[in-house]
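Trainee: Okay, here's what each chain looks like letter by letter:
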Amino acid sequence: GQQVMQIPQYQHVQEGEDFTTYCNSSTTLSNIQWYKQRPGGHPVFLIQLVKSGEVKKQKRLTFQFGEAKKNSSLHITATQTTDVGTYFCLKGAQKLVFGQGTRLTINP
Amino acid sequence: DVKVTQSSRYLVKRTGEKVFLECVQDMDHENMFWYRQDPGLGLRLIYFSYDVKMKEKGDIPEGYSVSREKKERFSLILESASTNQTSMYLCASTGGDIQYFGAGTRLSVL
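The listed protein sequences derive, respectively, from chains A and B.
Using the numbering used here, the letters of the first sequence map in sequence onto residues 1 to 108.
Using the numbering used here, the letters of the second sequence map in sequence onto residues 1 to 110.
The following block holds chain B by itself, in its conformation from the complex (with noise of 0.2 Å):
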């Protein structure tokens, strides 16, 4: 079975923190992304990556920014939190065009 694992179920930070959410993949997959949920807007694409050390912006990219260093690894940082990006964040890695998401990560920008 394919695993993703998103390092945190919910997280509450304060306005102006970095955060860090972690996502590893345990199937060698090259594709990860990560998205954003909320009502009524469904799933939004913030940044994705082909490949180890590469990424892309998805629709939502203001904000946010990324990280992989190893292939299992893609991390999504918010270099300075606000309340606006309150939100429930999932991971998903991709094998062949299946998206494989992690159980999310809710986080809440006080």
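Just chain A, with the same shape it has in the complex (with noise of 0.2 Å):
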């Protein structure tokens, strides 16, 4: 079936240091969305990107889209123990899947 392969499954890094995970489908996507999940939580939306090569930010957060629409990824510049939690990515259109998640823990 359609996936997206989501990398790496788990992040730890030391506070301030950056962080990324990576989502790569075998298929053109028509848009993805990136969704949080802090530990004991439910995902929540993040944002969602739909055009070609498209990069948008929130404060620290940087997130980007492949210029084939085949693969994103979300960036986080001088991690914060608030960033702590499970990044997921989420193709939409016709089936929904969701990538296996980035699983980011923090050392104070």
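One thing to keep in mind: the hints can contain errors.
Chain A is faced by these chain B residues, among others (derived, beta-carbon under 7 Å) [claimed, not checked]:
| id | residue |
| --- | --- |
| 1 | G42 |
| 2 | L43 |
| 3 | G95 |
| 4 | D97 |
| 5 | I98 |
| 6 | F101 |
Hint data in this document are derived by calculation from the structure and do not stem from the laboratory.
Glycine included, each C-beta is placed from N, C-alpha and C at the ideal position.
Hints are included, so try docking the two chains, each in its own frame, into the full complex.
Mentor: Below, the structure is given as structure tokens:
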């Protein structure tokens, strides 16, 4: 079936270090969304990317959609302890498919 | 604010029991979804519904059924619970393209 591969599965960083998670699809995506799930919480929408090569920023978070619309990334600059959680990408349109998620832990 | 409410945060059931997980949303959303979340596997779609009395199978429908008698309510049914259905179950509704999730129900089947 249609899958979205997300890597890495886990990432542990020192507070202040950067963090990146990647989602890759074998097929062209019409759009991609990113969600954050805090420990013990539920996924919360962060952003949607629609256009080829699109880059969006939310404070220290930078979201990119590849030129071919087959991959996307979420980059966090200078992580803080509040960034802890699992980050998911979601392939939208006709069939919704979540990536496996990247669990971010941070050493303060 | 959109609110998606799941009836139970924690549930413990025995093998073979019939289990109902209830989900209610208050934003008049047409689309509702049931996922299960397991470590290393992310969120997997069980069933979804685009309208009242309408249902579509997701990626892992086996062992589950659903009911959507009213627009605001989407129920997930485990006809005969098994231990491999121990998981976190998340309900969501869609406003525009955005998925709004409930708090989740952690189900343990013993």
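Trainee: Does each hint fit the structure? Answer for all of them.
Mentor: Evaluated hints:
The interface hint given for G42(B) is met, as the beta carbon of that residue sits about 4 Å from the closest beta carbon of chain A, less than 7 Å. Residue-level restraint check for L43(B) holds (minimum Cβ-Cβ distance to chain A is 4 Å; threshold 7 Å). Annotation: interface hint on G95(B) violated; nearest CB of chain A at approximately 10 Å, more than 7 Å. For D97(B), the suggested interface contact is upheld, since its CB lies about 6 Å from the closest CB of chain A, less than 7 Å.
For the restraint placing I98(B) at the interface with chain A, the shortest Cβ-Cβ distance is roughly 5 Å, inside the 7 Å limit, so the hint holds. Checking F101(B) against chain A: minimum C-beta separation of about 4 Å stays under 7 Å; hint holds.
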